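2 protein chains.
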Amino acid sequence: MIIDCHGHYTTAPKALEAWRLKQIAAVNDGTTLPLVSELRISDDDIRETIEANQLRMMRERGHDLTVFSPRAIFMAHHVGDFGVSSTWAAICNEMCHRVSQLFPDNFVPAAMLPQSPGVDPATCIPELERCVREYGAVAVNLNPDPAGGFWNSPPLSDRHWYPLYEKLVEYDLPAMIHVSQSCNACFHTTGAHYLNGDTTAFMQCLDSDLFRDFPTLKFIIPHGGGAVPYHWGRFRGLAQALKKPLLEEHLLNNVFFDTCVYHQPGIDLLTKVIPIDNILFASEMIGAVRGIDPDTGYHFDDTRRYINAAEIEPEARFKIFEGNARRVYSRLDAHLKRQGR
Amino acid sequence: MIIDCHGHYTTAPKALEAWRLKQIAAVNDGTTLPLVSELRISDDDIRETIEANQLRMMRERGHDLTVFSPRAIFMAHHVGDFGVSSTWAAICNEMCHRVSQLFPDNFVPAAMLPQSPGVDPATCIPELERCVREYGAVAVNLNPDPAGGFWNSPPLSDRHWYPLYEKLVEYDLPAMIHVSQSCNACFHTTGAHYLNGDTTAFMQCLDSDLFRDFPTLKFIIPHGGGAVPYHWGRFRGLAQALKKPLLEEHLLNNVFFDTCVYHQPGIDLLTKVIPIDNILFASEMIGAVRGIDPDTGYHFDDTRRYINAAEIEPEARFKIFEGNARRVYSRLDAHLKRQGR
Numbered sequence: 001m002i003i004d005c006h007g008h009y010t011t012a013p014k015a016l017e018a019w020r021l022k023q024i025a026a027v028n029d030g031t032t033l034p035l036v037s038e039l040r041i042s043d044d045d046i047r048e049t050i051e052a053n054q055l056r057m058m059r060e061r062g063h064d065l066t067v068f069s070p071r072a073i074f075m076a077h078h079v080g081d082f083g084v085s086s087t088w089a090a091i092c093n094e095m096c097h098r099v100s101q102l103f104p105d106n107f108v109p110a111a112m113l114p115q116s117p118g119v120d121p122a123t124c125i126p127e128l129e130r131c132v133r134e135y136g137a138v139a140v141n142l143n144p145d146p147a148g149g150f151w152n153s154p155p156l157s158d159r160h161w162y163p164l165y166e167k168l169v170e171y172d173l174p175a176m177i178h179v180s181q182s183c184n185a186c187f188h189t190t191g192a193h194y195l196n197g198d199t200t201a202f203m204q205c206l207d208s209d210l211f212r213d214f215p216t217l218k219f220i221i222p223h224g225g226g227a228v229p230y231h232w233g234r235f236r237g238l239a240q241a242l243k244k245p246l247l248e249e250h251l252l253n254n255v256f257f258d259t260c261v262y263h264q265p266g267i268d269l270l271t272k273v274i275p276i277d278n279i280l281f282a283s284e285m286i287g288a289v290r291g292i293d294p295d296t297g298y299h300f301d302d303t304r305r306y307i308n309a310a311e312i313e314p315e316a317r318f319k320i321f322e323g324n325a326r327r328v329y330s331r332l333d334a335h336l337k338r339q340g341r
Numbered sequence: 001m002i003i004d005c006h007g008h009y010t011t012a013p014k015a016l017e018a019w020r021l022k023q024i025a026a027v028n029d030g031t032t033l034p035l036v037s038e039l040r041i042s043d044d045d046i047r048e049t050i051e052a053n054q055l056r057m058m059r060e061r062g063h064d065l066t067v068f069s070p071r072a073i074f075m076a077h078h079v080g081d082f083g084v085s086s087t088w089a090a091i092c093n094e095m096c097h098r099v100s101q102l103f104p105d106n107f108v109p110a111a112m113l114p115q116s117p118g119v120d121p122a123t124c125i126p127e128l129e130r131c132v133r134e135y136g137a138v139a140v141n142l143n144p145d146p147a148g149g150f151w152n153s154p155p156l157s158d159r160h161w162y163p164l165y166e167k168l169v170e171y172d173l174p175a176m177i178h179v180s181q182s183c184n185a186c187f188h189t190t191g192a193h194y195l196n197g198d199t200t201a202f203m204q205c206l207d208s209d210l211f212r213d214f215p216t217l218k219f220i221i222p223h224g225g226g227a228v229p230y231h232w233g234r235f236r237g238l239a240q241a242l243k244k245p246l247l248e249e250h251l252l253n254n255v256f257f258d259t260c261v262y263h264q265p266g267i268d269l270l271t272k273v274i275p276i277d278n279i280l281f282a283s284e285m286i287g288a289v290r291g292i293d294p295d296t297g298y299h300f301d302d303t304r305r306y307i308n309a310a311e312i313e314p315e316a317r318f319k320i321f322e323g324n325a326r327r328v329y330s331r332l333d334a335h336l337k338r339q340g341r
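Line order of the protein sequences matches chains A and B. The first sequence lines up with residues 1 to 341 when you count with this note's numbering. The second sequence lines up with residues 1 to 341 when you count with this note's numbering.
One chain only, chain A, in its complex shape (with noise of 0.2 Å):
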């Protein structure tokens, strides 16, 4: 099989765009909020964008499965309050779980959370609940700068976010540490704010003891770990320098690293100094690259083919593809099974 970890709904309908415009057009101007119920999407309006898109794409890549959640830049936990956060993540959660129950065979929801700048982040946990029961997320994104590049939140370490690891860990959900929209203009967000979201989302994990307190806790670093691989040497030699255990025992029992990197060279880079069991198959296709590569003819986010051509042992590439996926979202592992696969 080949489950790639990291979709999002990009492509949904443009009614919840409209939906959610007209949401932040209320909070901008302090007047009444739509409701839910003005939102509509038919069923065959998902099946329509999924069809033409995600799945269509997913056949001629040969991917059978996608771990999907709402769109990461659309989360925008920096709009309105928590309230305003929460009612558009119901909607976007509930979304990704339609797309799930239409087809089944090719999708499995992950949940984005109700965060919003300031407010405790146990405040997320009734909608994580209700994601995992009703849904059956198998994980959830978790934005670690809710302000949209001000980080003004305390870093991942920070007892800030137990609340919300103690149910990560009750329910053995991973979290992908997956920032948003950037309402910063020094940062781009696809093209500099993902990336040192990741970066900065590792290093808080290295410069702390987060999981000796989390045993369990499991984060997926996104976009082949921002900065992280390219610079695995300065990352052991900071690790050092900090008095702290080797890598391999101090976090990569916790952290894993998507491959979400663009091109050849990079992929063998992040293969060949990643332990394999840490790399899990992405793609984020139609997401933040969707163009086609003019030195290859094949789109950017095509990523299997650089896994495939990468120098790795068949048994390696199988757990990368499929293997490393199930030991990590252990729900889609037994979902999977439920389903007899």
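The hints are simulated quantities; they were obtained by calculation from the structure and are not laboratory data. These numbers come from a predicted model, not from an experiment. Where a beta carbon is used, it is the ideal one built from N, C-alpha and C, also for glycine. Misleading hints may appear alongside valid ones.
[Unchecked claim] Quick list of simulated restraints, FRET-style, between CB atoms:
(1) A:Tyr162 - B:Ala122: 46 to 52 Å
(2) A:Pro294 - B:Arg212: 51 to 57 Å
(3) A:Thr31 - B:Arg212: 38 to 44 Å
(4) B:Arg212 - A:Leu21: 30 to 36 Å
(5) A:Gly118 - B:Ala122: 33 to 39 Å
(6) B:Asp45 - A:Leu242: 26 to 32 Å
(7) B:Thr296 - A:Arg159: 36 to 42 Å
[Stated by the list, open to error] Cross-link-like lysine-lysine pairs, in silico, DSS-like; alpha carbons within 30 Å at most:
(8) A:Lys244 - A:Lys167
(9) A:Lys244 - A:Lys272
(10) A:Lys337 - A:Lys167
(11) A:Lys14 - B:Lys243
(12) B:Lys337 - A:Lys272
(13) A:Lys244 - B:Lys14
(14) B:Lys243 - A:Lys243
(15) B:Lys272 - B:Lys243
(16) B:Lys167 - B:Lys337
(17) B:Lys272 - B:Lys244
(18) A:Lys272 - A:Lys243
(19) B:Lys244 - B:Lys167
(20) B:Lys244 - A:Lys14
Assemble chain B onto chain A, guided by the hints.
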């Protein structure tokens, strides 16, 4: 020749730090600032710190020359106001000047700028001119985030910075884009903020037409370009999506990457992905990562070994070690020629 384009005076005599701590305390307490004349550092003090540290290691590693600037983490432009930064920059620049006078064969100065959050960068021009004219500075370090992790200055592509660029162009002086200490608990200074600064600066250039306005402006992105070479496919794809020219044309006449990447696979990727003409040898030694890699038995920051072991032609190695630095740092080349080198 082996030219290390990225060295800081991290080992300056303790009296320098003591003076700075007095200055910071006075800023915090609103008391009288210390006088510059209170700081007394003899030539012997300088000789000792250099001979026992940078020069010793340069000899061990076979580096001939270091472009030497004040300690990056100590620039701390967020401290106090423009006056405070000015005094501090003048002191630090003089220190590097004195190093270059005492060891003219081995060190050439680069200047830090007296930046201050919210202050017009044009105010840095007098110090820049002084360092070029009186000290023979061959480059400057430009901090894109003088607030120290709060990123509230405009992006480097903004006209805010143009007066400074005009002066850089006039002197044909390259700028290394280098952040300083992070005051934001989210960002570990050397493990996150530095790399994020590099990635952010590159993307600010990519998402603009800065080099159409300044076709001869030259930026060095340190620390191997942050996350950029590892994600070169992503950046090529983003340039395409943003309808920019190919990166070679759009940025690579103006943007250069140093080799401060502290393991072999990182340097292998850098030299494979980035055109050789855009790579400048550097180690930032006695810097962020001072330890010995237990896997190799050599210092993590002994980057010369990685360049030597990279699968590149001798001509490429010459360019990385010397040729490119002479081209990018034209004042360094002129200086060396005056020395008969």
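Structure versus earlier hints, numbers of those that do not hold, lowest first: 2, 12 and 14
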